[in-house]
Amino acid sequence: AQTIHQWPVAEIKAVGSPLSLGCTIKGKSSPNLYWYWQATGGTLQQLFYSITVGQVESVVQLNLSASRPKDDQFILSTEKLLLSHSGFYLCAWSLGDWGVAETLYFGSGTRLTVL
Amino acid sequence: GMPVEQNPPALSLYEGADSGLRCNFSTTMKSVQWFQQNHRGRLITLFYLAQGTKENGRLKSTFNSKERYSTLHIKDAQLEDSGTYFCAADHNAGAKLTFGGGTRLTVRP
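Just so you know, the sequences run in chain order L and H.
Heads up: the first sequence runs through residues 1 to 115, numbered per the working numbering.
Heads up: the second sequence runs through residues 116 to 224, numbered per the working numbering.
If you are wondering where the hints come from, they were derived from the structure by calculation, not from laboratory data.
All residues carry an ideal CB built from backbone N, CA and C; glycine is no exception.
Honestly, I wouldn't trust all of these hints.
Unchecked claim - Restraint-style ranges between C-beta atoms, simulated for each label pair:
| id | chain 1 | residue 1 | chain 2 | residue 2 | range |
| --- | --- | --- | --- | --- | --- |
| 1 | L | Ser-58 | H | Pro-118 | 16 to 24 angstroms |
| 2 | L | Gly-22 | H | Ile-159 | 18 to 26 angstroms |
| 3 | L | Gly-22 | H | Thr-142 | 29 to 37 angstroms |
| 4 | L | Thr-103 | H | Lys-190 | 38 to 46 angstroms |
To be verified - From chain L, some residues computed to sit far from chain H (all C-beta separations above 12 angstroms):
| id | residue |
| --- | --- |
| 5 | Trp-7 |
| 6 | Gln-38 |
| 7 | Val-53 |
| 8 | Glu-57 |
| 9 | Leu-62 |
| 10 | Asn-63 |
| 11 | Lys-70 |
| 12 | Leu-90 |
| 13 | Ala-92 |
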């Protein structure tokens, strides 16, 4: 069975500090991977997606970057956090050929508070 | 307007009641998905539809691409149905889903 693991569960960070969030998918080969951001009480906004190792497409940047160093790993990071980065970050995966959206499955999320 | 408009933004039901949520799309969408987000933030995938209707227990969803809408119907609402429901639609880019604003559902005993 496939599993998706996000880390850390929660972070409290200072403005201007670096950030790295991680996501690992096990049990699926070559999944499509996604990062979403959700403001408190808001909807989900897609940040990045990746269909293969080393290839990441930006949807909305928000002064963040993403990388896919391995087939089963997706990393979200920034060198300098802003207050506006606070929120809930969700990693998701799907299968499907390029250009075809298939069912999304989400991780449990990371709650980020920037002070 | 917004590409995905979800209504109502909030809904309160008594246990046992039936109700529906709706998403209207500003353009033709290729597919739609529905999710439930619980109080911990966990998103549970409910349905994926490219067309037509699907049912799963007390939930039923319909997607009409031509008429640009999708609905989620909840029958015999239970306390555990409380949460925020989101629809998300695929316009044509495949890898990009646009989420609706969500419907916060509260089921009361």
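A quick look at each hint next to the structure:
1. Range check, Ser-58 (chain L) to Pro-118 (chain H): about 19 angstroms between beta-carbon atoms, so the 16 to 24 angstroms window is met.
2. Range check, Gly-22 (chain L) to Ile-159 (chain H): about 22 angstroms between beta-carbon atoms, so the 18 to 26 angstroms window is met.
3. At about 35 angstroms, the CB distance of Gly-22 (chain L) to Thr-142 (chain H) agrees with the hint of 29 to 37 angstroms.
4. Judged by the Cβ atoms, the range 38 to 46 angstroms given for Thr-103 (chain L) and Lys-190 (chain H) is violated: they are separated by roughly 22 angstroms.
5. Once the 12 angstroms rule is applied to beta carbons, Trp-7 (chain L) is consistent with being away from chain H; the minimum gap is 15 angstroms.
6. Against the 12 angstroms criterion, Gln-38 (chain L) falls within the reach of chain H, whose nearest CB is about 8 angstroms from its own CB.
7. Its beta-carbon lying about 15 angstroms from the closest one in chain H, Val-53 (chain L) satisfies the requirement of being farther than 12 angstroms from that chain.
8. Remark: the non-interface label on Glu-57 (chain L) conflicts with the geometry, its nearest Cβ contact in chain H lying 7 angstroms away (cut-off 12 angstroms).
9. Distance check for Leu-62 (chain L) against chain H: the nearest CB is about 15 angstroms away, which clears 12 angstroms, and the non-interface claim stands.
10. For Asn-63 (chain L), the condition that its CB be more than 12 angstroms from all CB atoms of chain H holds, with the nearest at approximately 20 angstroms.
11. With a least beta-carbon separation of about 19 angstroms from chain H, Lys-70 (chain L) lies farther than 12 angstroms from that chain, consistent with its non-interface assignment.
12. For Leu-90 (chain L), the shortest C-beta to C-beta distance to chain H comes to about 7 angstroms, within the 12 angstroms cut-off, and the non-interface label is violated.
13. Once the 12 angstroms rule is applied to beta carbons, Ala-92 (chain L) is inconsistent with being away from chain H; the minimum gap is 8 angstroms.
In summary, the structure is inconsistent with hints 4, 6, 8, 12, 13 from the numbered list given earlier, while agreeing with the others.
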